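Chemist: Here is what each chain is made of, one letter per residue.
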Amino acid sequence: MNRNRSIIFKIIAYSAALLLLVPILIIIVWSFANNWPWPLVFPREFGIRGWEYFFSPTSNSISTLIYSILLSLTVTFITLLITIPASKALALYDFKGKKLVEILILAPLIVSPVAVAMGIHQLFIKLRLANTFLGVVLVHLIPCIPYSVRILKNVFETVGDKFQMQGKVLGANPLKNFIYVTLPIISPGIISAASLVFTVSFSQYFLTFLIGGGKIITYPMIMFPFVQSGDRMIASVYSIVFIAASLICLRSMDRLLRKYYKRGDYFYI
Amino acid sequence: MPQIRLENIKKKFENKIVLQDINLEVEEGKLISLLGPSGCGKTTTLKIIAGLIKPDDGDVLFDGSSVLNIPAEKRGAVIVFQEYLLFPHLNVYENVEFGLKMAKVDKRKRQDKVKEMLKLVQMEGHEEKYPHELSGGQKQRVALARALAIEPKVLLLDEPFSNLDTKLRESMRDFILEIQRKLNITTILVTHDKEEALMMSDKIALMLDGTIKQYGDPIDLYENPVDEKVADFFGRRNYIRGYIEKGRFISDIITVDIEIEKEGSVRAMINPENIELVDMKDTHHISGTVKMRKYAGDRVYYTVAANGMDFKCTSKPNRIFNVGDSVGIKIDFSRMVFFHDDLGV
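For the protein sequence lines, the chains are U and W, in the order given. Read left to right, the first sequence gives residues 841 to 1109 (my numbering). Read left to right, the second sequence gives residues 374 to 718 (my numbering).
Hints were generated in silico from the structure; no laboratory data involved.
Estimated spans, in silico, between C-beta atoms of each pair:
no., chain 1, residue 1, chain 2, residue 2, range
1, U, K850, W, N536, 32 to 42 Å
2, W, E543, U, K1002, 25 to 35 Å
3, W, S508, U, N1013, 26 to 36 Å
4, U, L944, W, E387, 17 to 27 Å
5, U, P1014, W, K526, 19 to 29 Å
6, W, V651, U, G1000, 55 to 65 Å
7, W, K480, U, K966, 52 to 62 Å
8, U, G1000, W, N442, 21 to 31 Å
9, U, L865, W, K480, 53 to 63 Å
The model shown is predicted, which means the values in this text are computed figures rather than measured ones. Yeah, the Cβ is synthetic: ideal placement off N, Cα and C, and Gly gets one too.
If we strip away everything but chain U, and leave its shape as in the complex, we get (with noise of 0.2 Å):
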């Protein structure tokens, strides 16, 4: 019975990484082909011309790489400083219309931000917003935040006020107390809510587009038009040169942050 259940476990734990593992061996095949014809099971030709691409200083990839992934940095940042506030208040205190704010802010879940991005756009070029970073920035948050506020939420709602109430009979001022108490011990929660808020500001492609005005030119943007126009051998680098870069990000986010506050594997979410 329980071998039994251990095998139907293992077949749907190997086919779940199967799944995800072989598009990504597709992709990594593809960026070394040529050309890959339909019956063929294998590609014949191979070369590097889409690495080459990639890396020639006239297809300006790794600097786009590198604004890409300092905006969405900014991003991660400014929503964690709003978030984490925001989250605490809905979890711990009790106020007027709180009901109606939760709705609010998780809005952008249920309706997507690209709905209303032509409105947006409307009221940033009017705020002289459009084809801004800060404009941009501003624009990813709607969809970030929502994200950010359910993990840091049920944080806050799984650890409670009782560490604050500690540090404060300890002689902790709020500020002192958030800082040495709340920070480290959400700190877990800050990591998951960082490493979705990144991913998701990342990959945005649309709000960037259209708030951007072709002035702010993100990683997805350039990556696109491969994509599109079917030259899979440079999309394929690019995609990888994405997941790589997604990961690599995400994994230092989680070293700095662990690093910082010594340990996060004492309480995980």
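Fit chain W to the supplied structure of chain U, relying on the hints for placement.
Modeler: Below, chain W alone, put in the same frame as chain U:
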């Protein structure tokens, strides 16, 4: 002058009265207990003293001056919570150091103080450990050291023993008492455990439904409760309804001469340990039949039917009666307590 004084403290949570007119005085260096069932407002009282909750009305005074406007972090009243709440991201040393760091004590002094505190709670050598590596008793010791490190004016203990097993609980009680005596620190202990309160406190404040029903020393509370609610909180009691006339307690069940100057309808209370069961040969005692027996090792709890009433009785196990046995009941009448009975006979 009492070191801590609560004056007419009132508190409501969403229209539910939690505390009404709490008055309490605690002398310096004493350990008092707030004893009561869960939900009676004892933890709320503790939080009001610490400054974590503001009372709706009334005043909290330390050494004669009001501390209501002093925030919790400056008040000098530290709570050790039931769950210890050691900061999980800090090791033992850093946990104990926390309060000193907040108070900006310089590093050398902090080091000495932490060392002294860890020695006091016998946790030397555990400095580098993290809370999740400690046992329940060790966590409590560290929590205590952390609270004492900042030399608070008052130590507030919120159900500190309820997460420990019986054996550890007993040794931690002794341990905390020893430290409290040694440092002579004013301490308020919140507990729902009557035995704990009786054994540890200089004084007990019995709280029921948001009020302090009685405040006094343990023996007084047990032997001379102000009313039946207080009496019942401390355990099983026997009540006999009757009246007193010219120094005589008269009832359907017993009639006896007493030395109390009270008249009228009363309910007489007899503690189960003041009833002795004897063999039926001594005929001048009330006779009865054992209805129930619960054996608890060092004590035996009996219920004995006699004169149309069930007497609860606690005796030593040196003579054990069986259910159905005929026994004589010997009551120590001198220790009876009488409550006025408004309902009359």
